[in-house]
Amino acid sequence: MTISRAMRVRLALGLAGALAWAGAQGVLAAEPQSPDQVHMALRILASVYADMESKLPNQLDRLAHENEEFHDGSGAMRDAVAAEPAAYKSRVLAALDKAVNDSQAVADTSKTHDTAKVRASLDTLAASMRALNGLFPEAVRAEPGSVPPPQHGGPPKT
Amino acid sequence: MKRREALAGLLLAPVGFLGYRALAASAPPQREVNLTVATDGDLLAFTPVELSCPTGARVHLTFHHTGKYIRQDHDWVLTLPGASDAVAQAALAAGEAARYLPPPGDQQVIAMTPMCGKGEQASVDFIAPAPGDYPFICTYPGHAGFMHGVLHVTR
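These protein sequence lines are chains F and R, in that order. Using the numbering used here, the first residue of the first sequence is number 13, and each one after it goes up by one. Using the numbering used here, the first residue of the second sequence is number 0, and each one after it goes up by one.
Please keep in mind that the hints were generated in silico from the structure rather than gathered at the bench. Warning: the hint list may mix true and false statements.
If you want the footprint, here are the derived chain R segments under chain F, 3+ residues with CB under 8 Å [unchecked claim]:
| hint | stretch |
| --- | --- |
| 1 | 29-42 |
| 2 | 51-63 |
| 3 | 93-102 |
In the SDA-like style, the derived pairs of lysine to any residue whose C-alpha atoms are separated by at most 20 Å in a straight line are [claimed, not checked]:
| hint | chain 1 | residue 1 | chain 2 | residue 2 |
| --- | --- | --- | --- | --- |
| 4 | R | K67 | F | S140 |
| 5 | R | K117 | F | K101 |
| 6 | R | K117 | F | K129 |
| 7 | R | K67 | F | D91 |
| 8 | R | K67 | F | K129 |
| 9 | R | K117 | F | R153 |
| 10 | F | K123 | R | P140 |
| 11 | F | K101 | F | G87 |
| 12 | F | K129 | F | A76 |
| 13 | F | K67 | R | K67 |
| 14 | R | K67 | F | S46 |
| 15 | F | K67 | R | A37 |
| 16 | F | K129 | F | G146 |
| 17 | R | K67 | R | P103 |
| 18 | R | K67 | R | P102 |
| 19 | R | K67 | F | K123 |
The beta-carbon is built from N, C-alpha and C at its ideal position, and this holds for glycine as well.
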């Protein structure tokens, strides 16, 4: 069985088109419709994470409260992707739910007052937040650790 | 003698009054300044982080907690230079019953608003202190390290 030259050209063009379409879908899926809102949501979560980290090692009892703030802050992301296509939204929400569960684990672990265990649970949370960030273009990401640690003391004495 | 003193007093009174008026006119009037500061949405930050006013001004400051998602309280507390850490510690020690506000009468606090929940705003009036840079912070536990700024008081 032989394929004519015209047929080969049609097949090649069809294949190239299909590849281009698939590529475009991939790019579109990663480009949120509300990038500013997504960026703010990621900044809020990174901000709460920084606050959580600042509670080590002496204020572990405050982590339950910070966990509540992480839950609250996740609402910003849910709103930010509300209008996204279903498949993309479900990927984001699955990653977000993982992060929220890991935040809960930080609060649960804090009850042990074991700093090493809390540190490990915070690292797990950071990993899930990085996975969430990875679903978005670099320009809108706000990774855990991107918020500077707390600085005390205010301006110098005058 | 008494009659002469009374007469002199009557003659000099308008001079004294005019002198007082002249002095009052030459003294700079006390300025009124309105300042506005807010939280940066749900982030642990003030916006703006720098404010300024002239010394002696009657300042009316409005603080707006613009958060939408996170149930956390914020306030705005102006302290003496170098005293922000001590004030934050005092507020932490005051505890939840005091809503983590510095104790009343804290000599290191120049002015402060009440704690505000998300969407709330509050204001405070105070006289701008001597020229210098004065830190302001949020005294809710753990926030002072993130939420801080400077009031520049000018001459």
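Quick rundown of the hints versus the structure:
no.: 1; hint: 29-42; verdict: holds (count 3)
no.: 2; hint: 51-63; verdict: violated (count 0)
no.: 3; hint: 93-102; verdict: violated (count 0)
no.: 4; hint: R/K67 / F/S140; verdict: violated, 24 Å
no.: 5; hint: R/K117 / F/K101; verdict: violated, 27 Å
no.: 6; hint: R/K117 / F/K129; verdict: violated, 33 Å
no.: 7; hint: R/K67 / F/D91; verdict: holds, 11 Å
no.: 8; hint: R/K67 / F/K129; verdict: violated, 32 Å
no.: 9; hint: R/K117 / F/R153; verdict: violated, 25 Å
no.: 10; hint: F/K123 / R/P140; verdict: holds, 19 Å
no.: 11; hint: F/K101 / F/G87; verdict: holds, 14 Å
no.: 12; hint: F/K129 / F/A76; verdict: holds, 15 Å
no.: 13; hint: F/K67 / R/K67; verdict: violated, 24 Å
no.: 14; hint: R/K67 / F/S46; verdict: holds, 17 Å
no.: 15; hint: F/K67 / R/A37; verdict: violated, 25 Å
no.: 16; hint: F/K129 / F/G146; verdict: violated, 26 Å
no.: 17; hint: R/K67 / R/P103; verdict: violated, 30 Å
no.: 18; hint: R/K67 / R/P102; verdict: violated, 29 Å
no.: 19; hint: R/K67 / F/K123; verdict: violated, 29 Å
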